[in-house]
Amino acid sequence: MGKVKVENLTKRFGKKIVVNKVNLEVKEGEHFCLLGPPGAGKTTTLRMIAGVEKPDEGNIYIDDVLVNDLPPKDRDIAMVFQSYALYPHKTVFENLAYPLRKLKLPESEIVKRVKETAEFLHIELLLDKLPKHLSGGEKQRVAIGRAIIRSPKVYLLDEPLTNLDAKIRASMRTELKRLTKELKMTIIYATPDQIEAMSMADRIAIMNFGNLLQCDTPKFLYENPVDMFVAEFIGNYAMNFIDCTIIEKNGNVFLDAGDFIYNVSEYRELLEKFINSEVILGIRPEHISISKIKQSEDSIEAKVYLVEPTRPEMLLSVKIGGKTLKVVATEDLHFEIGEKAWLFFDKKKIHVFNKKSQKVII
Amino acid sequence: MKISRKTKHYVEDTLCYIALFLVLIFTIFPIVWMFLTSIKDEADILTIPPRIFFNPTLENYNFVFERSKFFRGLINSLIVVFSVIAITLPIAMLAAYSFARFNVGGGQIQFYILTVRMFPPIAAIVPFFIIFRNIGLLDNILALIILNTIFNLPFTVWLLYGFFKEIPQDLEEAAMTEGSTRFEAFREIVLPLIAPALTVAAIFTALFTWNEFLFAFLTTRTEAITVTRVMAGFYTERGILWGPLSACATLCIVPMFIFVLLIQKYIVRGLTFGAVK
Amino acid sequence: MKISKEKYMPWLLVLPVMIIIFGFTLYPLFHAIYYSTRNTDLKVAEDAFIGIDNYRRLLNYDSELAEAVGRTLTYLAGCLAIQIPLGFAVALLLNRDFKGRRIARTIITLPLAAAPIAIGQVWRYMYHYEFGIIKYLCSLIFGSSPNWTADPNWAMLAIIIYDSWQWTPFVALVLLAGLQSLPPEPYESATIYGATTLQKFRYITLPKMRGLIGFVALFRLIDLVKTWDPIMAITWGGPGRATELLSWYLYRVGFYYFWIGYASAISLLFLYSVIVLSTVFIKIIAKY
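Protein chains in written order, with this note's numbering: chain A, 1 to 362; chain B, 1 to 277; chain C, 1 to 288.
Just to be clear, a hint being listed does not mean it is correct.
[Stated by the list, open to error] Computed beta-carbon distance windows for the label pairs:
| no. | chain 1 | residue 1 | chain 2 | residue 2 | range |
| --- | --- | --- | --- | --- | --- |
| 1 | B | 136 | C | 257 | 21 to 29 Å |
| 2 | B | 18 | C | 64 | 41 to 49 Å |
| 3 | B | 196 | C | 97 | 25 to 33 Å |
| 4 | C | 129 | B | 32 | 17 to 25 Å |
| 5 | B | 21 | C | 129 | 27 to 35 Å |
| 6 | A | 54 | B | 166 | 20 to 28 Å |
| 7 | C | 77 | B | 15 | 23 to 31 Å |
| 8 | B | 168 | A | 273 | 36 to 44 Å |
| 9 | C | 77 | B | 168 | 40 to 48 Å |
[Unchecked claim] Just a few of them, taken from the derived set where beta-carbon distance is under 10 Å, the chain B residues facing chain A:
| no. | residue |
| --- | --- |
| 10 | 41 |
| 11 | 44 |
| 12 | 174 |
| 13 | 177 |
| 14 | 178 |
| 15 | 179 |
| 16 | 180 |
| 17 | 181 |
| 18 | 182 |
| 19 | 184 |
| 20 | 188 |
Rather than coming from a laboratory, the hints here were simulated on the basis of the structure. Note that CB positions come from ideal geometry on N, CA and C, so glycine has one too.
Extracted from the complex, chain A is given alone in its bound form:
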């Protein structure tokens, strides 16, 4: 109940390919996120699953039934639009009741369900108001209420938190998580915010320019990004990227970054094909440790350039020669601008990318 499968889904607007041969499978009860920057095609994909947009190619299955030609009302889905799409001329009560009226339920049943849903979402005091008198957060709850009141098989949420201001967004995120956990539904969720995706989804599908790049659990995406785009997009701090060449010296393999070289002999087998080619070393700021003394052979000397106290941590910008890296450090370390420091990369957490946007090793 609530499985969704998408096969080779393609959509064009004029000459532009907006969704390009996307393949997805969403399991029952899964919280699935479509993540990507604006224009990635996530909203369009969502809309095609809802039936509000027709695909140019490809198939959509809900519970193994091909739904391509079914209108939205026959697909047993509910969608929460980014703009909430509340009916301006109807009260909150009528907005919530609308789907139930379409099911031709008796009035008493409708009233009962509307009240229940309103209480569940803490909007029972707003039932007589018109949408224009509601705040952003309230509107969103009504939109969600309208979606859950029918208990459909699949819920589709299009950037539900984007239109809220920052403060409300954090609390709504928690709210949303509570809701979705309690309701045990299949949810497909589109968002450009990776924090939302990482905190709420069971699995994430990252999209860019209409292409599905990678589809996995948040943890896996964080630890094993398939390319530079994914690596940079995921994670609270952007990954550091350094241009290097792979060289062989004295039987050891090194990454030559010009200003320093880094021993990566452990990964010899994986790197052998790429010796003498250009690659990009990727390492997350949180995986670099910084200290005032040289702690190991592999430590690299750097100069502190900027200190940003992002309490409870610190974000330091350091320079190695001409290259700038960001490092996350704990607050108890005191560094001054211009001070010399030693960086140690967690070798198990480095990534090396083929310069043509591919990943090579972990």
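Use these hints to put chains B and C onto chain A, whose structure you have.
Showing chains B and C alone in chain A's frame:
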């Protein structure tokens, strides 16, 4: 002598007030004069210099009501106006909705429709006159209804098109995911929201049709005359009957004033086919 | 077999409009083309095929037509020359914040509601060479007054003034809408720099409004070409033919002389010019 900023502002303001005042006087003068003339008796009308103080009389209105075809014209005009609205509005609404949501014909059809509005009526009426004459439709209300419908459709379509575009598609799509067909979504969600626009379109159509003269003049004689046409009847061998003429003009214009006041907010939008808001 | 309802439904909705408009414009169009090649005269029931003679007559030696066109151009120029600047001035005045602004705006809107044929008659009376109040006021202010509608030299001005009375409000309201949509920031920073009202107008307002002014001028142009009702109401094309615009000439040919054949030819050419003009115009609206 240095003029302070404040004084400059006062002078500026006063000049503007005076200028605006003059403009308003000029604007309203003919209307007031029309009304005054309509309640003067013949002697007061045909005097030099024109009289501002006089004894008002209703004899002109009596003349209009009793001795001219005014009531005939009124009924005909009303029939034509209502018929044109009844035909134009639904058709234009459906077409405008289709253009706004589906962009049928990629703008070409809309283009052609808009061009029709630009036709000078006098040029367009020559062929129509021949056709109506051949099929015996002259001096028949139907001819007027047809002509006015053709000329009001383009503008109504464009006006409603603008309004439809303002209603977010989300609303209909949300209704469709909640169990409506597109038709139900249109009826239950879009229609209530477009109701004010329909009213505005209806009033504009009424305005243009009521004020229309050329078609009425050339295609009617006695049976199907409209209010505007009645005015031509005050040109007699004795001369022009200014009093009744002004009375008739007043009767013709005053209802439209009321209408225009109702749609004042939308008048720019309406007159520029919705291009300027 | 699946018929895509989605595909043909949009066309179904547009069908009524298309039938009416295409049907009722194309059929008469063919009719006009047909008659334009004949010398139909309804008065004497004459009707024979004469080929393109009508067009030849039109283009080669119809001096009355040429004069009518000339007068029309004069009329267009005169009206635009008054209505655009005056309308802009009124818009500027109305754009200021003052008490009674709403009432002023309402009053300005009134002329647009008046049926031209109706209020035109009033103007005819006002222009009357004996009893007209305009004559009287002119004599008071200027010492003497022309016989407006009776004097060929002044009749054109008479109808230009009338049209300006009725349509300057339109120009004013459109430009007012434009003025009100201008952002206040450039003005605020100009004030800080000590700019005078005149400078602000010249360097901020004018450039920004240029597009809208052009738009409304073109709009008026298209409407002015259609002018017929006021001529009927005020001058009847006279005195003599002093105010016989193209539309009135066409009326005379078709409905006074009833030379339907020739009238058809003129209408076609008239329509064609208007279509060209409006195509240009619509392209400009689309960009705007």
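- C-beta pair residue 196 of chain B, residue 97 of chain C: status relative to the range 25 to 33 Å that was hinted: holds, 27 Å
- Message: The hint says 40 to 48 Å between residue 77 of chain C and residue 168 of chain B; measuring C-beta to C-beta, is that right?
- Response: holds, 45 Å
- Can residue 188 of chain B be said to touch chain A, with a Cβ gap under 10 Å? With a closest approach of 8 Å, the residue 188 of chain B hint holds.
- Message: For the hint 23 to 31 Å, verify it against the beta carbon of residue 77 of chain C and that of residue 15 of chain B.
- Response: holds, 29 Å
- Message: Just to be careful: measuring from the Cβ of residue 181 of chain B to every Cβ in chain A, is the smallest value less than 10 Å?
- Response: holds, 7 Å
- Using 10 Å as the Cβ threshold, decide whether residue 184 of chain B counts as touching chain A. holds, 8 Å
- Task: State, for the Cβ atoms of residue 129 of chain C and residue 32 of chain B, whether the hinted interval 17 to 25 Å holds or is violated.
- Result: With Cβ atoms ~22 Å apart, the hint holds.
- Does the hinted range 41 to 49 Å hold for residue 18 of chain B and residue 64 of chain C at CB? holds, 46 Å
- Query: Would you say the C-beta atoms of residue 54 of chain A and residue 166 of chain B sit inside 20 to 28 Å of each other?
  - Reply: Given range 20 to 28 Å: holds, Cβ gap about 24 Å.
- Task: Tell me if residue 177 of chain B is really an interface residue toward chain A, meaning its C-beta lies closer than 10 Å to one of theirs.
- Result: Hint holds; residue 177 of chain B Cβ to chain A Cβ min 4 Å, cut 10 Å.
- Query: Does the interface hint hold: is residue 179 of chain B within less than 10 Å of chain A, judged Cβ to Cβ?
  - Reply: Cβ of residue 179 of chain B sits 3 Å from chain A, so the hint holds.
- Taking the least C-beta to C-beta distance, is residue 44 of chain B closer than 10 Å to chain A? violated, 55 Å
The structure shown violates the earlier hints numbered 8, 10, 11.
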